[in-house]
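A.B. asks: Spelled out from the first residue to the last, the chains are:
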Amino acid sequence: MRNLLWLQGGACSGNTLSLLNASDPDVFEFFSQHNIKLLWHPSLSLDSIGVKRIMEDIINGKIRLNIFVFEGSVILGPNNSGTFNMFAGKPMKDWVKYLAPLSEYIIAVGDCASFGGIPAADPNPTQSTGLQFFKKEIGGFLGKNFRTKSGLPIINISGCPAHPDWILTTISLISEGKMTEDMLDEFNRPKIFYSTTTQFGCPRQPYFTYKISSKELGHKEGCLYFDLGCRGAYTKSPCNSILWNNQSSKTRVGTPCMGCTEFDFPTFNFFHTEKNRSGIPKRLPLGMSRGTYVTFSAVAKGSAPQFLVRPLIKKKGDWIE
Amino acid sequence: MNEKIISPLNRVEGDLDLKVVFRGNKVIEAYPMSRLFRGIEIILKNKYPMDSLVITPRICGICGGSHLMSAVEALDMAYKAEVPPNAVLLRNIMALAEMGQNDVRHTYLMFMIDTVNKKYEKMDFYKDMVTRWAPFYGTSYKAAVKWSKRYTEIYAIFGGQWPHGSSMVPGGVTADPYPNDILKARGIINEITSEFIEKVMLGGPLDQFLQLKSVKDLDQWSQDYPNGDISKLWIYGREMKWDKIGKGSNFLMSFGHVPSAEDYTTENPKLRFKRGILNLDTMEFSSIDQANMLEFVTKSFYSYSNGDIGLHPFEGETNPLSPFSNDKYTFTKTFRYKLNGKLIAPEVGALSMMAVDNNPLIIDLLNKLGSNVLLREIARFVRLAIISEIIIEELEKFRFGEPTYKKPLDIAESKGYGLVEASRGSLGHWIVIKDNKIFNYQVVTPTQINMGPEDSYGNISHMSKALIGTIVEDIENPIELAHIVRSHDACMVCNVHVLDGNVEKMVLRL
Ligand code: SF4
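Going down the list, the protein sequences come from chains A and B.
Quick note on UniProt numbering: the first sequence kicks off at 1 and runs consecutively.
Quick note on UniProt numbering: the second sequence kicks off at 1 and runs consecutively.
Chain B extracted, bound-state conformation (with noise of 0.2 Å):
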């Protein structure tokens, strides 16, 4: 047995180790490592209850609109605001700028660098990966680095900066947009989608794009459309067999997105995307209640005051413990969802969104292939020529002249949730308030949820079960593993470490 230990395992955001026992070359136990703490949720603690809106975008530089949107459906339910359809509009319009940034970075800047990776060299599509993918030389790479950062001017018309924006407010946002900011608004994503959607990643008309609804008419736009990201991703990436690996959880978890702005309600909000879960081994649908949901510290760094057992987040507690201990390994806290009286540990992101929309091109992929790295990047493309549609369909709706909030009334006891999908996957936020301060705070991340370790029972989660089976080609460059812990776009800052045995110990970048 061979034990490696990738530390740090870079490009995510924060501190991500990754352990992992090798029988020869294949990995056959895994276990991801979070190294960084910064107790925000006890910083939380006994101030008021607004002040989470200035907080918690901090959590995560990359995602803190997403943050700053749990944290405000929070406050809503909380304060049982009315919020005015405009405020709704912002909000959605805000959360799918940053998303839109955020696919953007993930795949160039993040995930397709990789295949530059030497593992590749003797492709003969490899120089042509080189030409669009390599980091600050590519062609895509360059136009990613350009257009995703105007995703955040969009953002910041109604935010006013990206990131750490704090427009959102319990009963609507902070802005009064003119129509000259709608236009302008409308302007960059119109070109965004024709010099950079269409033009680099799909290489066709969005429109057109988005009527494909099975693997064969995705062949069909690869042979139509070559020149497009998305072509070369959907070929390459089969004879690289990404389409191989990482398949883990086989449940698909999506808390849901962008609520209608016409009847918004916390409880029991319309959603354009579905929330829900999908088991992908017979195919069918679970709705979401959040009372189902749990969380361990068996082998976090944390202690609970009533021992080992799952709390839900209401009753949640962050009492953290000094990193040193045999059985405990992880800043990050297990998630668990009680399914028909089972504990399920599924997966989140772009994937399980799209396929708990019931996106046909994603479901007929899914249906064929499994889930696997590919299709995680495959959903990516997928999901941001959706959102563009949809940015665009929001600011027609945007009615000058009429509220973009409304003050809700103070209370001094209560409880929320909010449930969003941030870029990575499902987020949620609970406050608990008393005496008009916050009493308890706690936030589940989509990198806990695909991430963290074992629960008591010794179930282990999506991550680690993604790369469990895994054949790594040269141990020495275990490329296989980037890709599949990265198709994840893991997040580290909101939580991740790997390698084990003991014959050698060894520490790799990858």
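Next comes chain A alone, as it looks inside the complex (with noise of 0.2 Å):
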């Protein structure tokens, strides 16, 4: 039997909500599979023993912490004082200072546990900050050389929200003893979702190759990336191979990727490619020179499969190039 706590920092219950949609199990199948006793979660539990006295009984070596799961953001404001958010009679920043260093693992679950998020964003009015990254930069607020008893550092699975089976598998690789600290990226992510980008498994990625932009939203064809603002090129994520609530992703519907599985989530101006002087968007896509999107751009330009240059199924306007 292993115990888990799950606790919400800044948050909005999104990572919440998303594991209530797990289907093949279910969040309560998949609990009872693998034995794992949920001994508090904000909206599941009955609380019949109080989320202090379990806290405490924790911090005093009564219960053992096998798998600590926070969703939100660390509140620090103001002033250091973490008041911006109280939990259970303390700020809750104290409660993961203390609860941290007694767990065996612990998941930063969504963008805001992970690296700020939403709170953190600029001007960051609540102190915000991951559990172990700050943004970009490893320390957060537990600090970079922290380990939890398993001696991983905390693992981040970072969106906005996490999607379901990304949480649940993790659950699955850390109760069989699987997780290895060599499956985490460098942002400690579990790598079998954060090793492909949002465009793996994209529909439109035949008119990324082919650099075929769609002008306007509210459409099919053409890819997103050019002028819509789509970051899927540049994002780490598995949302068009791991598709959501078992049905489409944000790019299928014709929304732009956010980023949101990345460390500066939410970079603003959505649905705009923020271009330079000649044109070309200032983000390229992962790992891409300047000099070789150049060129490569131009080739693929001009060897563009006639049928994809204009609407594949009859539609009034222009909005596909």
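Worth flagging that the hints you see were computed from the coordinates, not collected in a lab.
This list has only true hints and no planted wrong ones.
So, partial list: chain B residues that the calculated Cβ filter (under 7 Å) puts toward chain A:
id	residue
1	Arg35
2	Phe37
3	Ile43
4	Ile62
5	Phe136
6	Val145
7	Trp162
8	Gly172
9	Ser322
10	Thr404
11	Tyr405
Okay, derived cross-link-like pairs now, DMTMM-like style, lysine to aspartate or glutamate, Cα gap no bigger than 20 Å in a straight line:
id	chain 1	residue 1	chain 2	residue 2
12	A	Lys215	B	Asp410
13	A	Lys316	B	Glu82
14	B	Lys406	A	Glu221
15	A	Lys52	B	Glu3
16	B	Lys47	A	Asp264
17	A	Lys220	B	Glu402
18	B	Lys406	A	Asp318
19	B	Lys142	A	Asp26
20	B	Lys407	A	Glu216
21	A	Lys215	B	Glu402
22	A	Lys52	B	Glu476
23	A	Lys215	B	Glu82
24	B	Lys407	A	Glu321
25	A	Lys275	B	Asp410
26	B	Lys146	A	Glu29
27	A	Lys314	B	Glu402
28	B	Lys80	B	Asp435
29	B	Lys368	B	Asp281
30	B	Lys142	A	Asp24
31	B	Lys146	A	Asp24
32	B	Lys437	A	Asp122
33	A	Lys90	B	Glu3
34	B	Lys338	B	Asp281
35	A	Lys37	A	Glu56
36	A	Lys316	B	Glu402
37	B	Lys146	A	Asp26
38	B	Lys80	B	Glu413
39	B	Lys407	A	Asp227
40	B	Lys45	A	Asp264
We put the CB at the ideal spot given by N, CA and C, even for glycine.
Take the two lone chains, each set in its own frame, and fit them into one complex as the hints suggest.
C.D. replies: Here it is as structure tokens:
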């Protein structure tokens, strides 16, 4: 039996609700199959015993904390008091500080817990940070060298929210004792989910390859990178291979990828591609140099299959280029 | 006197504490307290107007789609966007799918599980309640876990993902669905209706349920279809005296919902669910003008630059204070509506939405029982039944090949607001744009409307009214208070605290 405690800091509950969308298995089946005891969860517990008692019992050694899941940013403000986020009589940050060293594994679920996310966005009015990263910088609330009792750093499952499959698979790897440090990327995210970009599996990928842009929202065809702000070419996420709600993804419904699995989310000016003076997007696809991009674009554009440059299903307007 | 602080009051989305003062077993003062501040309105300043479509859904993980709909309506107004009928239909379908998800999760995962509380152990129907509604094991609970997520699939078909899709944009939606998408969404809603709504929630046919018009009809339904959860709730709920607690404000308010696709406008939209206020004392309806809305921060951890006055959201300010203060106690602002020259503190939520829409069953129930915990839950069932129908109607109206988006013109300076019904009540967004950037953004959430603190005239808000006067059977197990708060589906991320006195301080989990 492994004990799991789930707390929320500067959170919107989006990761909790995302978790409830898990299917095959659903979250409760999963917990019973994996012999996980939910010590407490803010939305799901009946709380016959108080969470405060549970947390105190962990702190004084009566309860073992195997998996500590944290959702939301760690709020330090105002003036490092943490009192913008009070929980069970204390600033949440203090509970985290006491519980973290006693945890065998810690999962930061969502972009806020991983990197600070939305609350940490400029001007960061609450002094929010992630558990072990502040945006790109390692450190965060717990510090660069912090290790849980298992020896692993905080495992980040970034995303706003994280997909339930990413969360449950990570918990299963932990509870089966299969999670090792070399399974994590440079931001301590499980590589199985964060090695490919959002483009993998995006149905608009052929349009990306041949530099065919969708000029306006509301269409199924054309790539959203060149004009409409899609961050899928430089965001690591499996959103187009592990679909959302078993159905779809942002780019499939014509919404540009917002880059919500990355440390710099939210980058703002969404729905718009910032370009330099020669009209080239400021942010290039991951791992591509400006020179290569220019050469490659010219070739690609010239060799675009004719059937892709106009709407495939007849529809009025000239929204594709 | 005995003071209790119930902290955290869980199973609300976010952080709510409730401070109540008892005299004997009776609540004489009540203060809902929000202990979390995230500063979203501050973050939105100076960003691009469209960024609100990505940032504001993250205010709340359970009703992000409602925030998106409010935000997009505010932008439609600011940009004077024309929105093609297809787009309005898809927005409506998404908004209602999110509401369906929320109504099911609220009812079973947040509210009904309290029926296993030890207070009810001696009731002869206790075993039946546990079999149905116990967390993790109850038959209806399990069905709710399974079926609530299917609503999110409908959302994702058009919104890409739930939570936190951003597929509504001024001028329409980003999606361009094909007939197979419509077919699939219809398949899912039909399956939810036949396998969950009819079998588990209602216990009988939906179209017949929608005909119920009076308390008498509901009694008859409970006899004809005794196995539906609504029948059990209606019978057990009165035995447990849920119809006697949680009255509160006698003004029920709804911003109205589901704009007509054929003639969409933002200023004075034709709405499927009416917008207005119902005075329960007189049963009189009034229309709503957003210009009459005000926010106060007398007891909230904020300051206004011109002192303690009510500000309309277009002029609203968000200047947080450190939460140490003798006379302030919450991060929730106070919402007031000026009705015929008087400031009122209305109730919002499913009950208000159904009442303002003049739903005959709800009106008859209100006439006979007044507003209370039981009716709020009944209203959730009624609403869920109605929205299933509307989702199907809207899907049928979709015209493949017609546009789902029309690009609006850029406007560098403008204003707009969007008023919608989120699952837990009325929600409004106000945006002021200058130099193509957000100059001011203010959000009024349902939880704030219900659970704000006193205004500067000392008038208390709906939730405090609903709690004060409640007799709690066992102060160590104040489940009655939990029912009252939870019947509003309190949502503290959008914004809430219980207990006071000087004899004894204790921290209680409900
Ligand atoms: S840039 Fe975006 S829309 Fe284009 S292929 Fe990549 S993920 Fe798809």
